[in-house]
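Peer 1: Next come the chains, spelled out residue by residue.
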Amino acid sequence: MSLAFGHAAAAGPDPRDPVVDPAQTAGSMTDTVCGAVLRQDTPIWWWIALAPSLALLGLGVIAVGWLLFSGVQAWGNNWPTVWGFELINYVWWIGIASGGTFISSLFFLLRADWRTSLSRIAETMTLFTAICAGIYPILHLGRPWYFYWLFPYPNTMKLWPQFKSPLLWDFIAILTYVISSILFWYIGILPDLATMRDRAQGRFAQVAYGSLALGFRGSGTQWRHYRSTYATMAAIMAPLVVSVHSVVGLDFAGGETPGWHSTQFPPFFVFGAILSGFAAVLILVLPLRRLFRFEPFVTGRHIDVLCKLLLVSSLCVAYAYMMDAFSTYYGGDKAELSWFHDRLTGVHAPVYYLTLLLNCAVPQLFWWQAFRMNQIMVLLVSFSAIVGMWFERFGIVVVSLGHTELPSAWGIYHPSFWDYSLFAGTIGLFATGFLLFIRLFPMVSMFEMRELIEERAR
Amino acid sequence: MILVSFADRDAMVHAFRTLRDAGLAAETYSPMPPDEADRSPIPLLMLLFGLLGAFGSFAMQAYATTLGYKLDVGGRPNLAWPSYVPCAFETGVLFAIGAGFLAYFAINRLPHLYDPVDEGAGFDAATRDGWFVAIRGDTRKAPALLEDLRPTSVEALPE
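Going line by line, the protein sequences match chains A and B. Residues in the first sequence are numbered consecutively from 0, following numbering that gives the first Met the number 0. Residues in the second sequence are numbered consecutively from 0, following numbering that gives the first Met the number 0.
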């Protein structure tokens, strides 16, 4: 059986692959997943990936240091484009984060069998992308050390934050999202930390995993409360992620700027978020399944499902773009029309056409199974969606702010070196954190896989 | 304490029920949840804390904008309740998730880093593919019952 599957894997993934290789048992699956982490020699690809990640992270640290020293004038944003790279990248990162939460919570509630082996990788991605996103609004405050002013705390000035502002909602939403994602991730990995504790050979590893597992032993009582706690958390996380991206959309829709002041922004931002989220999950899952030898659990079926989800979210995004254009012309507001023509023909016109091409046109390739099963093509299309979503946010932030109602206030945004280096720094932060976690923690939810394997065996 | 291992889930669940019904203090140890029937007070607790967070946040925002710090922006109403909803929702979620997280560890009395059951030979398998039942306290009735339950191993451990 295992040999036959080996041939199938060599021939490439197939959408008809079983969700887990039938030759796998609970024991063999546990050994493979633990073995990827507990091996003594760190694989060479890991070091090769870590070196540039650390370099980018270092650049980011310098960029933050310079920002704190010199103030926000280090960045390219100024009137009229007061929101530049910081908002673009913030929305981009938080959008990517949605992919993990959608897979781990929404598809848990839907009892999708393919979700089991992907949830951990996706959730770990969410953890670090949400942190990358959270850094931007704080740094954007100008005096980041006063960020706690956003929080309603008793103060001698007897001031309260402005609860009617979407920007404050955003602060609360991101805070909730980051904390909830960490807690949900930890509850989800708890039984697997116990597995690691019992498999680890060295004293240090045993103590470390044992301390993190907090004494989880898989007793009947622990499991009984575990399932209901986890399921309830998942049921709350699914609406939370929708609310977070809706609030991000409201950050824009709350402003009177042409192109932003639209009721479709909250769902539009949710669509965009899941498109980049599924794309990012594909970009991470495809190499990891090979490097960790996870092919028996991450099969053609998983790739097929993720590609189809990417296609669906791309169609949703295309619909939102269509409504965007339709409501501009149907509304007939002069400033909106002028902004839309600037978007089609102005300096930043290529950004708009790239947005349409990369987010709406390229993912249409996934209608064909041959493209969904070609891993190089899947990576290319996913990259296209990730880059396309960045361009979309660039268009929303920069073109709108540079082309408001007042022609005398029009302007063009030029990002500075520090804008680019901070962006590179967050990529470094994500990559470093993600690499550390995949080296230290099991990247497949083992106890859920055991249930799946047992269910299949029956 | 007596630590007994079984070949599969069904054997373990059957043994657990038999031992429990005979009045023994039995507890299962398994690599995945043993059966479907999960009853826990935690979801209700999460709901209560979620509602507390949401209504508490709403009340705080209402207080802040009507009594604490009135801000007249073009004559708009001070009690702008629709704009309190997003924060109230998020705070409710934060309270619910936080309460569920803490309650899970509290209800299981974790952290509990050492337990005598850890000394059992091969007990490591409880987090891989082993199915165990531990019988604590008065175990005099256990050997007679275990004969029919087809355990794969039986071990006596100090408590």
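Derived from the structure by calculation, the hints contain no laboratory data. As the structure is a computational prediction, the values presented were derived from the model and not from experiment. A hint or two may mislead.
Stated by the list, open to error - Pairs of lysine-lysine, DSS-like flavour, derived with a Cα cap of 30 angstroms:
no., chain 1, residue 1, chain 2, residue 2
1, B, 69, A, 157
2, A, 307, A, 163
3, A, 163, B, 140
Unchecked claim - Partial selection, computed: residues in chain B whose CB lies under 10 angstroms from chain A:
no., residue
4, 0
5, 54
6, 133
7, 136
C-beta: ideal position from N, C-alpha, C; glycine also.
Peer 1: Min Cβ distance, residue 133 of chain B to chain A: is it shorter than 10 angstroms?
Peer 2: For residue 133 of chain B, the interface hint holds, since the closest Cβ of chain A sits about 8 angstroms away, which is under 10 angstroms.
Peer 1: With the threshold set at 30 angstroms, check whether the alpha-carbon distance from residue 69 of chain B to residue 157 of chain A stays at or below it.
Peer 2: Holds, at about 11 angstroms.
Peer 1: Going by Cβ atoms only, is residue 136 of chain B closer than 10 angstroms to chain A?
Peer 2: 15 angstroms, violated
Peer 1: With 10 angstroms as the cut and Cβ atoms as the points, is residue 0 of chain B at the interface with chain A?
Peer 2: With Cβ-Cβ at 13 angstroms, over 10 angstroms, it is violated.
Peer 1: Given the hinted pair residue 163 of chain A and residue 140 of chain B, is their alpha-carbon gap at most 30 angstroms?
Peer 2: Violated, at roughly 67 angstroms.
Peer 1: When you check the alpha-carbon spacing of residue 307 of chain A and residue 163 of chain A, does it fall within 30 angstroms?
Peer 2: 39 angstroms, violated
Peer 1: Should the hint that residue 54 of chain B touches chain A count as held when the rule is a Cβ pair under 10 angstroms?
Peer 2: Where the cut-off is 10 angstroms and the nearest Cβ of chain A is about 15 angstroms from residue 54 of chain B, the hint is violated.
Hints 2, 3, 4, 5, 7 from the earlier list are contradicted by this structure; the remaining hints agree with it.
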